[in-house]
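Residue strings, one per chain:
There are 2 protein chains.
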Amino acid sequence: MTERDQYVVGVDFGTLSGRALVVRVSDGLELASAVTDYPHGVMDTALATTGERLGPEWALQAPEDYVEVLRTAVPAAIREAGVDPAAVIGIATDFTASTPLPVTADGTPLSWLPEFAGRPHAYVKLWKHHAAQGQADRINRLARERGESWLPRYGGSISSEWELAKGLQLLEEDPEVYARTDHWAEAADWVVWQLSGRYLRNACTAGYKANLQDGAYPSHDFLATLNPGFADFAEQKVAHPIGRLGERAGGLTAEAAAWTGLPEGIAVAVGNVDAHVTAPAAQAVEPGQMVAIMGTSTCHIVSAAELVDVPGMCGVVDGGIIAGLYGYEAGQSGVGDILGWYVENQVPGSYAEAAAAAGRSLHEHLTELAFAEPVGAHGLLALDWHNGNRSVLVDTGLSGLVLGQTLATRSEQVYRALIEATAFGTRMIVETFAAAGLPVGEFIAAGGLLRNRHLMQTYADVLGMPISVIGSDQGPALGAAIHAAVAAGAYPDVPAAAAAMGRRERDAYRPEPAASKAYDALYQEYVALHDHFGRGGSDVMHRLKQIRREALG
Amino acid sequence: MTERDQYVVGVDFGTLSGRALVVRVSDGLELASAVTDYPHGVMDTALATTGERLGPEWALQAPEDYVEVLRTAVPAAIREAGVDPAAVIGIATDFTASTPLPVTADGTPLSWLPEFAGRPHAYVKLWKHHAAQGQADRINRLARERGESWLPRYGGSISSEWELAKGLQLLEEDPEVYARTDHWAEAADWVVWQLSGRYLRNACTAGYKANLQDGAYPSHDFLATLNPGFADFAEQKVAHPIGRLGERAGGLTAEAAAWTGLPEGIAVAVGNVDAHVTAPAAQAVEPGQMVAIMGTSTCHIVSAAELVDVPGMCGVVDGGIIAGLYGYEAGQSGVGDILGWYVENQVPGSYAEAAAAAGRSLHEHLTELAFAEPVGAHGLLALDWHNGNRSVLVDTGLSGLVLGQTLATRSEQVYRALIEATAFGTRMIVETFAAAGLPVGEFIAAGGLLRNRHLMQTYADVLGMPISVIGSDQGPALGAAIHAAVAAGAYPDVPAAAAAMGRRERDAYRPEPAASKAYDALYQEYVALHDHFGRGGSDVMHRLKQIRREALG
Numbered sequence: 139m140t141e142r143d144q145y146v147v148g149v150d151f152g153t154l155s156g157r158a159l160v161v162r163v164s165d166g167l168e169l170a171s172a173v174t175d176y177p178h179g180v181m182d183t184a185l186a187t188t189g190e191r192l193g194p195e196w197a198l199q200a201p202e203d204y205v206e207v208l209r210t211a212v213p214a215a216i217r218e219a220g221v222d223p224a225a226v227i228g229i230a231t232d233f234t235a236s237t238p239l240p241v242t243a244d245g246t247p248l249s250w251l252p253e254f255a256g257r258p259h260a261y262v263k264l265w266k267h268h269a270a271q272g273q274a275d276r277i278n279r280l281a282r283e284r285g286e287s288w289l290p291r292y293g294g295s296i297s298s299e300w301e302l303a304k305g306l307q308l309l310e311e312d313p314e315v316y317a318r319t320d321h322w323a324e325a326a327d328w329v330v331w332q333l334s335g336r337y338l339r340n341a342c343t344a345g346y347k348a349n350l351q352d353g354a355y356p357s358h359d360f361l362a363t364l365n366p367g368f369a370d371f372a373e374q375k376v377a378h379p380i381g382r383l384g385e386r387a388g389g390l391t392a393e394a395a396a397w398t399g400l401p402e403g404i405a406v407a408v409g410n411v412d413a414h415v416t417a418p419a420a421q422a423v424e425p426g427q428m429v430a431i432m433g434t435s436t437c438h439i440v441s442a443a444e445l446v447d448v449p450g451m452c453g454v455v456d457g458g459i460i461a462g463l464y465g466y467e468a469g470q471s472g473v474g475d476i477l478g479w480y481v482e483n484q485v486p487g488s489y490a491e492a493a494a495a496a497g498r499s500l501h502e503h504l505t506e507l508a509f510a511e512p513v514g515a516h517g518l519l520a521l522d523w524h525n526g527n528r529s530v531l532v533d534t535g536l537s538g539l540v541l542g543q544t545l546a547t548r549s550e551q552v553y554r555a556l557i558e559a560t561a562f563g564t565r566m567i568v569e570t571f572a573a574a575g576l577p578v579g580e581f582i583a584a585g586g587l588l589r590n591r592h593l594m595q596t597y598a599d600v601l602g603m604p605i606s607v608i609g610s611d612q613g614p615a616l617g618a619a620i621h622a623a624v625a626a627g628a629y630p631d632v633p634a635a636a637a638a639m640g641r642r643e644r645d646a647y648r649p650e651p652a653a654s655k656a657y658d659a660l661y662q663e664y665v666a667l668h669d670h671f672g673r674g675g676s677d678v679m680h681r682l683k684q685i686r687r688e689a690l691g
Numbered sequence: 139m140t141e142r143d144q145y146v147v148g149v150d151f152g153t154l155s156g157r158a159l160v161v162r163v164s165d166g167l168e169l170a171s172a173v174t175d176y177p178h179g180v181m182d183t184a185l186a187t188t189g190e191r192l193g194p195e196w197a198l199q200a201p202e203d204y205v206e207v208l209r210t211a212v213p214a215a216i217r218e219a220g221v222d223p224a225a226v227i228g229i230a231t232d233f234t235a236s237t238p239l240p241v242t243a244d245g246t247p248l249s250w251l252p253e254f255a256g257r258p259h260a261y262v263k264l265w266k267h268h269a270a271q272g273q274a275d276r277i278n279r280l281a282r283e284r285g286e287s288w289l290p291r292y293g294g295s296i297s298s299e300w301e302l303a304k305g306l307q308l309l310e311e312d313p314e315v316y317a318r319t320d321h322w323a324e325a326a327d328w329v330v331w332q333l334s335g336r337y338l339r340n341a342c343t344a345g346y347k348a349n350l351q352d353g354a355y356p357s358h359d360f361l362a363t364l365n366p367g368f369a370d371f372a373e374q375k376v377a378h379p380i381g382r383l384g385e386r387a388g389g390l391t392a393e394a395a396a397w398t399g400l401p402e403g404i405a406v407a408v409g410n411v412d413a414h415v416t417a418p419a420a421q422a423v424e425p426g427q428m429v430a431i432m433g434t435s436t437c438h439i440v441s442a443a444e445l446v447d448v449p450g451m452c453g454v455v456d457g458g459i460i461a462g463l464y465g466y467e468a469g470q471s472g473v474g475d476i477l478g479w480y481v482e483n484q485v486p487g488s489y490a491e492a493a494a495a496a497g498r499s500l501h502e503h504l505t506e507l508a509f510a511e512p513v514g515a516h517g518l519l520a521l522d523w524h525n526g527n528r529s530v531l532v533d534t535g536l537s538g539l540v541l542g543q544t545l546a547t548r549s550e551q552v553y554r555a556l557i558e559a560t561a562f563g564t565r566m567i568v569e570t571f572a573a574a575g576l577p578v579g580e581f582i583a584a585g586g587l588l589r590n591r592h593l594m595q596t597y598a599d600v601l602g603m604p605i606s607v608i609g610s611d612q613g614p615a616l617g618a619a620i621h622a623a624v625a626a627g628a629y630p631d632v633p634a635a636a637a638a639m640g641r642r643e644r645d646a647y648r649p650e651p652a653a654s655k656a657y658d659a660l661y662q663e664y665v666a667l668h669d670h671f672g673r674g675g676s677d678v679m680h681r682l683k684q685i686r687r688e689a690l691g
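Heads up: the sequence lines are chains A and B, in that order.
All you need for the numbering used here is the position in the first sequence, starting with 1, plus 138.
All you need for the numbering used here is the position in the second sequence, starting with 1, plus 138.
Just so you know, not all the hints are guaranteed correct.
It does not matter which identical chain is meant; a pair holds if it fits inside one copy or across any two.
Mimicking SDA-like on lysine to any residue, the simulated pairs with C-alpha atoms at most 20 Å apart in a straight line are [as the list claims (entries may be wrong)]:
#1 LYS266 - PRO604
#2 LYS683 - GLU168
#3 LYS683 - GLU663
#4 LYS655 - GLY602
#5 LYS655 - PRO252
#6 LYS655 - PRO425
#7 LYS655 - GLY627
#8 LYS266 - MET594
#9 LYS266 - ALA546
#10 LYS683 - GLY426
#11 LYS683 - PRO366
#12 LYS655 - GLU511
#13 LYS683 - LEU667
#14 LYS655 - ALA689
#15 LYS655 - ARG191
#16 LYS683 - PRO512
#17 LYS655 - PHE254
#18 LYS655 - GLN144
#19 LYS266 - GLY388
#20 LYS266 - LEU507
#21 LYS266 - ALA573
#22 LYS683 - LEU154
#23 LYS266 - TYR629
#24 LYS266 - ALA172
#25 LYS683 - PRO379
Calculated from the structure, these hints are not laboratory results.
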């Protein structure tokens, strides 16, 4: 560090906590970070203020928790980094999404109004609030009937997690709170509003989560057909000026300067989403560089100059990842979650004991055992649909499958088959993009699953292409910091900042030819099963879910 | 007991031990039993005499162990019963099969000859010796090519467990022992020979295990084509006078009287097989009464007046179960074995702890949890092919499948789905018999799985018919005792003896209409999966096994 070094702060707002990271502008060096757990966490069983029970699939948050992160994690990270706050030139944030909240015209969350503090619908609906599925189903059905032009931009189906479905649920279940809502704001934008005093919608969530396409939201007529009271939803509560990613939203307010200990007036960047902000942190700014953020689920993002329809994508948004390019998103709805479920529900106690004796986690232990034998030796094949299939089938009614068990099959062998199934699912996405005219030139991995080297090698072998990996454990926060540097004018644009501040290890995993060839054969079997159960050969998975619903009454 | 009561002894020779049961002739009352573990157990890794390692799939026994059962278990049971040995009028046995051994003309096992004591091929090849699979494959291929008339009597395929395959292996791997073999005897008949001094082949094993059909074994020409040295196998080493089931083979020899403490000269019945001998114990002696002996695997036996081809049956033999009727056998190659495999390999330690805390076995614990919810609530469907499929597909290359898993699926739910799959597999067999012209009028269950009442109720619900259950825990030994009583002349035939001495509880389980209807829908899904993976829709299971073999080199 020299006296002339400048710094930026990236703040990553996750599901359970917020993390502030202090980064050097010149080269992206990560100096220190600090984490604040949300005091209210995720409210998914009861509302904290009243103890009122929440229904199944609900997930709320309290917006004051986000301010707490600004007040505690940011100054702690600065202290830990040992830098002079005066040397900080910008701050940027990223957020889970879609995580909307109802606010007044001045940005006050309705949950802060005494008359609404006891009303669940006045709170933040976290991304994983899935109680608006009924509304989402109606929206999709109507959009298909009417042939809404925005529908193909979302692979033919929008999610119950997004703003439209959650907004409709708000209207239909608590019209009083709905009526009082001036803005249906993404938390990603609300927190920037708190920092800068200015409300701008970011291009990313507006496009991916609020159905903004070609400058228009879903029409008055469409919304009125869903519910007459919903007709003005988009124009009155959603529409708002759009900020480009990396743009300066405004200067840090005096109040926010007091919270954070940072200089008043420094650049505050437009909001962003955790997955998408990771792309520049991994130096994925060019068309064809796909970043896979691999965790409980996997999000695949890739930019392109062209606008095309990719079957089963989650969305394509102009400037959704990098300003000036179309940003494509696809997803696998269960990856780490499936492995976690398996370890919790299908692994005998003897493995836990052996893992403890070997001083490693159960995941590590299973991995070591499973990958001691060659490809195909377990004789198994799985479908990774335990949480449904987003890309490329867009079907939440699908479910998991394991095939090939014998009386000699061991627990770790099924674990490996599940890992392989997720890799096959990724290959299906990569091939679908290529078939749509968007070949993936480089595959870059980020996220928690990077820790499992056998898993990563499997992905390289299955994809038959090298895998680059992000060079940071704090991809989202580093990505936010890059946007802060751009907003502060330290770089002309995000790609330039990414080149200096981002980090990736090129070709960290290379396909091993023999394994890759063996996986080619298994992938063909996966495709056959995938198409049989996912594309109409057999509808048994849907029927079993229907039978299940009827059985549970 | 009165002074005039008469008794018989049934001896059941199992895989690991032999059990003697003392039974009252007048009513089948079971007085006492005693068990002797085989001193050599199952030799499946090394030969006891030399320590020589055995190959994979080998399983040998030492015939002196069977004599040990006669010397210890029989007198112990008599003592325990407190009956006067002079009141015992007959003894009969049943055995695992096909369990052949090479003997000299006077019945001496070749393993007892000093020059052969170190030769694995001189020992008993237990039913589960599967090292003759290569020979079985060649036999089946050639039989199909030549259209051998006996092949359809075995559902189109004979087993590596049977006499022909094991005999060919003997010839090809140890021609010297083969040359010295005067008789290739079933242990079922050898032990009767030891008791009575007379060698008679029983109709059951001769038909089911040695391919005797319409009075003929496979032809000289057929055998010569397999291997020129094998041409005389049937006529020289297998063919021998046949004894009907329940017939008196001879009188107890002085030597055997000394072993057992029973009176010299009492009736010794013709040998029999453990599954088949169970039928009269369960009072299943009429056409259309199917007995399912449900244990690690399930054997289904039913008699009929007609000779027809039933697809996928294991065999049909004239007098194979009841003299004067055609005895049909079918089988599910994995039932309790699949549940055992699951508990060993796919159930978390927390369940074992909870089961222990509740003072019940893990199987009991999983069953209680799984059946607390209604039919279909788990959303799962499985194929019970972990050990291949015998009936009705006759395909050892098939494997297991579980479908419908979500992130909410619990371990006990998969356990239940596996139980249901075995019930569906049974329904497939029952329906296949009916379609072939042999309707099952009564379904009678026997075997270890009777203990699981939820499992039994599931079978009744899935079959849509009441299930009767055998009224004895010692079905095979009681069945043997019934045959002893007939051989001793206490009853004119086995059906008459079964009426007096057998026991079954009629309609112990009745289908619950709502559950039965729900299972009908699931069974249709099972049939669709069964036919897709088992009848040519997808050959993925075979290809995965091929890939596995190649991977393991």
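Exercise for the section: Could you tell me which of the numbered hints above are not met by this structure, giving the numbers in increasing order? Expected result: 1, 2, 5, 6, 7, 8, 10, 11, 15, 17, 18, 19, 20, 21, 22, 23, 24 and 25
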